[in-house]
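Listed here are the chains, written in short residue letters.
There are 2 protein chains.
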Amino acid sequence: MVTPLRSRIASANEPGCNFPIQNLPYGVFSIQGAAPRCGVAIGDRVLDLAACEAQGLIEAGGTFAEAQLNGFIALGRAKWDDVRARLTGLLAEGATEDLPLVAMADVTLHLPIRVAEFTDFYASRNHAFNVGVLFRGPENALPPQWTHMPIGYNGRASSVVVSGTPIRRPMGQVRGENGPEWTACRRLDLELELGAIVGGDSTMGERLSVERAEGMIFGYVLLNDWSARDIQAWEYQPLGPFQSKALGTTISPWIVPQAALEPFRSAGAERVNPLLPYLQEERPGFYDLTIGWTMNGQVMGRTNYNAMYYSSAQQLAHHTQTGCPMRVGDLLGTGTISGPARDQTGALLEMTQGGKEPVDVNGQSRTFLEDGDEIGLFAHADGEGYRIGFGPCTGRILPAQA
Amino acid sequence: MVTPLRSRIASANEPGCNFPIQNLPYGVFSIQGAAPRCGVAIGDRVLDLAACEAQGLIEAGGTFAEAQLNGFIALGRAKWDDVRARLTGLLAEGATEDLPLVAMADVTLHLPIRVAEFTDFYASRNHAFNVGVLFRGPENALPPQWTHMPIGYNGRASSVVVSGTPIRRPMGQVRGENGPEWTACRRLDLELELGAIVGGDSTMGERLSVERAEGMIFGYVLLNDWSARDIQAWEYQPLGPFQSKALGTTISPWIVPQAALEPFRSAGAERVNPLLPYLQEERPGFYDLTIGWTMNGQVMGRTNYNAMYYSSAQQLAHHTQTGCPMRVGDLLGTGTISGPARDQTGALLEMTQGGKEPVDVNGQSRTFLEDGDEIGLFAHADGEGYRIGFGPCTGRILPAQA
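Protein chains in written order, with the working numbering: chain C, 212 to 613; chain Z, 212 to 613.
Read the hints as simulated data drawn from the structure, not as lab findings. Certain hints may be false.
Ranges between beta-carbon positions, derived for each pair [said to hold, decoys possible]:
no.: 1; chain 1: Z; residue 1: Arg607; chain 2: C; residue 2: Asn351; range: 38 to 48 Å
no.: 2; chain 1: Z; residue 1: Pro474; chain 2: C; residue 2: Asn507; range: 52 to 62 Å
no.: 3; chain 1: C; residue 1: Asn351; chain 2: Z; residue 2: Trp393; range: 23 to 33 Å
no.: 4; chain 1: C; residue 1: Gly305; chain 2: Z; residue 2: Thr319; range: 55 to 65 Å
no.: 5; chain 1: Z; residue 1: Thr376; chain 2: C; residue 2: Asn484; range: 34 to 44 Å
no.: 6; chain 1: Z; residue 1: Pro474; chain 2: C; residue 2: Thr414; range: 39 to 49 Å
no.: 7; chain 1: C; residue 1: Gly305; chain 2: Z; residue 2: Ser241; range: 50 to 60 Å
no.: 8; chain 1: Z; residue 1: Glu392; chain 2: C; residue 2: Gly426; range: 54 to 64 Å
no.: 9; chain 1: C; residue 1: Gly426; chain 2: Z; residue 2: Leu353; range: 42 to 52 Å
no.: 10; chain 1: C; residue 1: Arg295; chain 2: Z; residue 2: Gln564; range: 31 to 41 Å
no.: 11; chain 1: Z; residue 1: Glu392; chain 2: C; residue 2: Glu422; range: 21 to 31 Å
no.: 12; chain 1: C; residue 1: Arg553; chain 2: Z; residue 2: Glu392; range: 35 to 45 Å
Examples of chain Z residues toward chain C, derived with CB under 8 Å [claimed, not checked]:
no.: 13; residue: Tyr333
no.: 14; residue: Gln356
no.: 15; residue: Gly363
no.: 16; residue: Pro381
no.: 17; residue: Thr414
no.: 18; residue: Arg418
no.: 19; residue: Ser420
no.: 20; residue: Gln454
no.: 21; residue: Gly459
no.: 22; residue: Cys535
Just so you know, even glycine gets a beta-carbon here, dropped at the ideal spot from N, CA and C.
Make a model of the complete structure from these sequences and hints.
Now the structure itself:
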């Protein structure tokens, strides 16, 4: 076993730590009374990047003093690489520079980016099939184009919130016995996803290759696309999910850089048919990344990101096929990540077969989410002697307001 | 007949002028070498609002010097009313203040707002039925929830462009004889719509009443939601239109204030069933507004906005039903506006019955758009002795780039 690089921050070297020196995820934090600024997580500390730049330790054109990472991200990959190398040097064991570190326990974490636009995909074949059976029956479960293109839809950027934000059970219109009914959602669900952060602009009419698209991905967050299944079932044909997905989408505060995941590159699910050239990848586009979710502290589902069929790079390339311009801060949800087994599913809709087979949660029975339930997502890639963790992505359900 | 208010700008008083003193639409313009700033159209002139404020003629916190109207719009309805009253005074016949006016012919017009997010609806019963028959057959044409809620989907804000921007025929994936095919779009279409500009923020979890929603609408533009029908047919199930709608959405440069349309308030299409309380309007929510489109200069379709089933206020209220926060600069497309007759349809898909019944355009036959075709939208509300016009909303098709 290769001895992994160690950090001068002792907590970063502890087994199972989410934020070792190999990770260096970016976020936005504030300490009491001060304005939010950018930071990097290391062990149980946050390195204040705005202060680092003020001290002359790094250089990023002042972007780290901003309350979102968009400005830094827009500087491009060469700068990302540069700053990452420099941070690795500053935080390595033996480095002696005076660093502006604060305790993670003392900071408030904010939405790390100003979300330009949010697109959600549908790239797990297991999930697409399972949900398809429930919504449309086994014959029409997997749409005919599914194995030929990443299916996605535009979500709502304004309802993306940071981990820890409470999620209100929505009111909405659902199918009733005798016509539509206005009610508190009865089938509130989570969706276990990753979100890719687009790190560059493309111009209108420009089509990105998968290779170029991959180069434009800054990093990844955990993403919970809360879903009101009863509202969804009534509204979603023919134009897709709308208000059933607008009640809130939670992302984790720390953006794990693409570079930190590079050692875990992995092939995805086996292809059923060859893809059109514009979607073909020259190298494996997934990561060997364990991902799962908890309800009220109990692990419910756990699978691997490399069970997915389309990578974020393929999704981004497809997103530009008709000329759509992409922008720094665009957030691309992978789609719900589900494996084939029940305990590998990333949504209650699948896990309980549309509410027909309840699950046990700490001795209580659940079909969909109840008020007070807290969902947490987790993900980690495990290297030799270190773990690239994503940190928390939680949300608790508040009762509906009629 | 009441004598209408007249302007000191002679061209504004001419019969059929789009921009009389009763209109006063807002836009963003530039003159050679100068930065874009906000203006108001009056006759064949543009009143430079940034210069007006610099001269002390109006007061809007400096927002008119910005390159989008978002800053001004965010000041709220009381300020909108205030500025409108003041502009009416400054531009009325007999007023003598020295005004910074430029010739419309000398200006370049820009996108009037930074589009926060773009949502497109589906609110013409004729259009929904006609298109439904073509995509799904007559039995499933009108979805069951259609008469109970405004169906909408999130579009892509980054591909919204201003009138005059050329539209590139997209490449894309379509259903072929033996599986999917990568091709230049063969069924390129327009969609005749209005766009409502949201003029206020709402917070997450807040549901807007129809009445409050109406008060938050700043004004309206023409909107052409260019559509690649072959790409749409292959991609749109089950999550809705995506890349087929991301090639470009053209809006007119002038935002007609809601206040200018107030005298034309009108009921919409007759209701088939009562709406749930959250969608009920206390007063008619439509306008008696002629709207239509031209191809290569020939009028093709013409109908009235009051043939629609859901108003923009109802759409905005519905948009917040599950708690989705709305923001200044959100753009809500009404959906394609079609009357029942062939020459009242707002899309070639409907007009040609999915390409089966070509139409004549200046002696040439068309099913869908050909390279070089230019589409123009128009709309006007006709008062006693004046016309509230929307001005141009045009786009010409460029050939695909393989």
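(request) Would you pick out the hints that fail for this structure and give their numbers low to high? (result) 8, 10, 17 and 19
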